[in-house]
Amino acid sequence: AQKITQTQPGMFVQEKEAVTLDCTYDTSDQSYGLFWYKQPSSGEMIFLIYQGSYDEQNATEGRYSLNFQKARKSANLVISASQLGDSAMYFCAMRELNTGFQKLVFGTGTRLLVSP
Amino acid sequence: DTGVSQNPRHKITKRGQNVTFRCDPISEHNRLYWYRQTLGQGPEFLTYFQNEAQLEKSRLLSDRFSAERPKGSFSTLEIQRTEQGDSAMYLCASSLESRGRGDTQYFGPGTRLTVL
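These protein sequence lines map, in sequence, to chains W and S.
Following this note's numbering, the numbering of the first sequence begins with 1 at its first residue and continues without gaps.
Following this note's numbering, the numbering of the second sequence begins with 1001 at its first residue and continues without gaps.
The following block holds chain S by itself, in its conformation from the complex (with noise of 0.2 Å):
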């Protein structure tokens, strides 16, 4: 069973270019997720996706964020006109609508962005 897959696992950019991580989910899962986590703290939420409907989207994803998923497969999530404060683990999680287990989410490896 593949788990979840994230390209590219590092990122060096510099200030002001714009970046693109894409996110595979497990095969059969309809839900997927990206958080962000900066070091020294827990994954903070970043927005959802239920198929290809983006349903949920936090306040941390300024308007320099965008994340799409065509056709309900894989995820992209692009950062427009990168800040030094964007250096962050970005990480990529799906899970399949249940009602056991609270909707597990599985995470992939996740991508280390660093903006000089």
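In isolation and in its complexed conformation, chain W is listed as follows (with noise of 0.2 Å):
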């Protein structure tokens, strides 16, 4: 069964630093996107940056980029020149591809304050 975790409750960061959110996950399926959003307090969920199994590169979105280990099955978000606007919380998420479910399966979340 497929399984996200997010082993940060919270993080603290000074605004301009970069910092790094830590996601692991478990699957059997060889073939998988990775996914990681953003919810601020208004409960709206936005897309942040996607990771296929078979990416070659670390997909990197602007601020965003993805730290991918796939022999480590982890899919860390680094942040970079954090800004008070990205307080929020993060959730990383998974989808298997070849199973034919659409379902994402989310982890718990990491909390983000980013300080003046």
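Quick caveat, the hints were computed from the structure, so don't treat them as lab data.
Among the clues, some could well be false.
Stated by the list, open to error - In silico lysine-lysine, BS3-like type, Cα no more than 30 Å apart, as pairs:
id, chain 1, residue 1, chain 2, residue 2
1, S, K1057, W, K3
2, S, K1057, S, K1014
3, S, K1057, W, K73
Unchecked claim - Non-contacting residues of chain W with respect to chain S, defined by C-beta distances greater than 12 Å in every case (computed):
id, residue
4, M11
5, E15
6, K16
7, E17
8, S42
9, R63
10, A71
11, N76
12, S87
13, K103
Treat the numbers as computed from the prediction; the structure is a model and nothing was measured.
No residue lacks a Cβ here, since even glycine has one placed at the ideal position from N, Cα and C.
Join these two chains into a complex; the hints should help.
Structure below.
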């Protein structure tokens, strides 16, 4: 069964510094997708970045990059040059691509607080 | 480009009442998903539609829950005989079937249900 583990309930970072949010996953499927979403206090889940299991390069989207280590089954999110508006919950999620199922499985999230 | 919209944003009801939520997906998206999120947890998958066909249902979707997507456009989620345990944020997402980017799901703002 697929599972996502986020071991950091909360993280603190100063504005303009970089921060890494951890995510490990478990799946028996060889083909899968990994996603990171941001959830501000308003509640909406905002898609940040996607990494496919067969992608050779780590994904990047602006200030977000994904440190994908397939052998270790980890997909950590790196946010560079943190901004006050980055304060939010961050969720890692996975979808198995060979099973035919479309559901995303989420971790429990990490709350990021960015201080001035 | 209009995102996913959900109505109402908040719903307070008494135990035993029926409630119905609506989701309007991004216009060209043929896939639609419902998730439930309780406090301190990541979203949990409830059900999935491809066009008007309901193709996946979670065991979380008890017989008090029903979802429809007539004509493959908007979707409704109805909860009958609500219980206090149904209090949660109900999130809708949509995606465009594609091989790239793992069929990324884009979420709406959610409907927060409180059952008194």
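Consistency of the hints with the structure:
1. Our distance criterion of 30 Å between C-alpha atoms is met by S:K1057 and W:K3, whose separation comes to about 18 Å.
2. Under the criterion of a C-alpha separation no larger than 30 Å, the hint pairing S:K1057 with S:K1014 is consistent with the structure, at around 26 Å.
3. Between S:K1057 and W:K73 the CA atoms are separated by roughly 28 Å; this keeps the pair inside 30 Å, and the hint holds.
4. Taking the minimum C-beta to C-beta distance to chain S, about 16 Å, the non-interface status of W:M11 holds against the 12 Å cut.
5. The claim that W:E15 is not at the interface with chain S holds, since no C-beta of that chain comes within 12 Å of its own (minimum 26 Å).
6. The Cβ of W:K16 lies farther than 12 Å from every Cβ of chain S, with a closest approach of about 29 Å, so its non-interface assignment holds.
7. In this structure W:E17 is separated from chain S by more than 12 Å, as the shortest Cβ-Cβ distance comes to about 26 Å.
8. Distance to chain S contradicts W:S42 as a non-interface residue, since its nearest Cβ pair spans about 7 Å, not more than 12 Å.
9. Every C-beta of chain S lies more than 12 Å from that of W:R63, the closest at about 19 Å, which supports listing it as non-interface.
10. At roughly 20 Å from the closest C-beta of chain S, the C-beta of W:A71 stays outside 12 Å, upholding its exclusion from the interface.
11. No Cβ of chain S comes within 12 Å of the Cβ of W:N76; the nearest lies about 17 Å off, and the non-interface call holds.
12. In this structure W:S87 is separated from chain S by more than 12 Å, as the shortest Cβ-Cβ distance comes to about 17 Å.
13. At roughly 4 Å from the closest C-beta of chain S, the C-beta of W:K103 falls inside 12 Å, breaking its exclusion from the interface.
Violation of the numbered hints given earlier is confined to hints 8, 13; the remaining hints are satisfied by the structure.
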